[in-house]
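Number of protein chains: 2
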Amino acid sequence: MRERIAVDMDGVLADIYGQFLKHEFEDLNIKQSLDSLIGKLENEAFSNHDKYINSPNFFYDADPIEDSIEILEEVNSKYDLFIVSSAIQFPLSLDEKVRWLNKYFPFIHWKQIVLCGSKELISGDVMIDDHFKNLDFFNGKTIIFSQPHNLNRENGRHIRVDNWKEIGAILL
Amino acid sequence: MRERIAVDMDGVLADIYGQFLKHEFEDLNIKQSLDSLIGKLENEAFSNHDKYINSPNFFYDADPIEDSIEILEEVNSKYDLFIVSSAIQFPLSLDEKVRWLNKYFPFIHWKQIVLCGSKELISGDVMIDDHFKNLDFFNGKTIIFSQPHNLNRENGRHIRVDNWKEIGAILL
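If you read the sequences in order, they're chains A and B.
If you number the first sequence the way my numbering does, the last residue is 177 and the count never jumps.
If you number the second sequence the way my numbering does, the last residue is 177 and the count never jumps.
If you're looking for bench data, these hints aren't it; they were derived computationally from the structure.
Treat each hint with caution, since some may be false.
Since the list gives no way to pick out one identical chain from another, each pair is judged satisfied if it fits inside one copy or across any two copies.
Unchecked claim - Quick list of in silico lysine-lysine cross-link-like pairs, BS3-like style, CA-CA up to 30 Å:
#1 LYS116 x LYS45
#2 LYS138 x LYS116
#3 LYS116 x LYS27
#4 LYS36 x LYS83
Values in this document were obtained by computation on a predicted structure and should not be read as measured data.
Kindly generate the complete structure, drawing on both the sequences and the hints.
Have a look at this one:
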């Protein structure tokens, strides 16, 4: 039986920091460096966080993270892949996220998509996420994808990766 | 620790047959009886199934199933409740389903909502659903909620209930 893997969207497949930086620049003419955001949650890092995240196409216009498309396609051929994204809090994002996946990851069937609030119900063999809160209660192998907000802490339980090539080296 | 329960929406909380019958009557001036639909899947029972299900507000305008609001509120106070709905196939439904839950079940927090394709990843202690395909691989207690499409078969593994009062009698 193939292993089941749950892959997060924001900050793992979708470059959400890029979107925040772009919106902030257009809104406030500010260009923060990623280094200056280390250790801050996104709503601490961007003063108008809620305004940006609730604006139409915030999620749909995000760029895919480097190498994610090619490597996820290979992962999809070897694992039971599910995309698991926290989305319910932002109702506008729901439809955008499905359309975004269809656009950049057309090999992902609708049956493989899960949009949730909490990820507590999600079971499987491997989880890739950029939030400790999602990985900490998962009972399989856990991989933390580096993003500025998670760089300041380490709990030793999760494998840290900085990019999709490192995910490929672990999974493929 | 509280038991975790996953409750389906369509055909368990939301009266989807009522919506199909209403749309079919407005569209074709046909009024099928529920008895005549026994054993037919919804897309077999309603000739313009896809047209209705993809029309705006099909899900948002559904009535809650009798007694579901009062009894689910009690369930919510005694269990870790999650609403788990197959929705990704119908992108219009995503936002409608969240708004519908907020309207009729305001005690349900966004963290408790999961919209998915397949329900394979969902783990927990109890699942209530009207589809055998969702219950059959669930590893906890399974409750099948009677709807015309599931009345023709029985596999002995699931507890059958015909209404929310019966769910209350089992869970509360």
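Results of checking the hints against the structure:
1. In this homomeric assembly, LYS116 and LYS45 come within 30 Å of each other (Cα to Cα) only across copies, at 22 Å, whereas the closest approach inside a single copy is 34 Å.
2. Taking CA atoms no more than 30 Å apart as the test, LYS138 paired with LYS116 passes in both settings, with 25 Å inside one copy and 13 Å between copies.
3. For the homomeric pair LYS116 and LYS27, the shortest alpha-carbon distance between copies (28 Å) is at most 30 Å, but the shortest distance inside one copy (32 Å) is not.
4. Neither within a single protomer nor between protomers do LYS36 and LYS83 lie at most 30 Å apart by alpha-carbon distance, with minima of 40 Å and 48 Å respectively.
Violated hint for the displayed structure: number 4, the only one.
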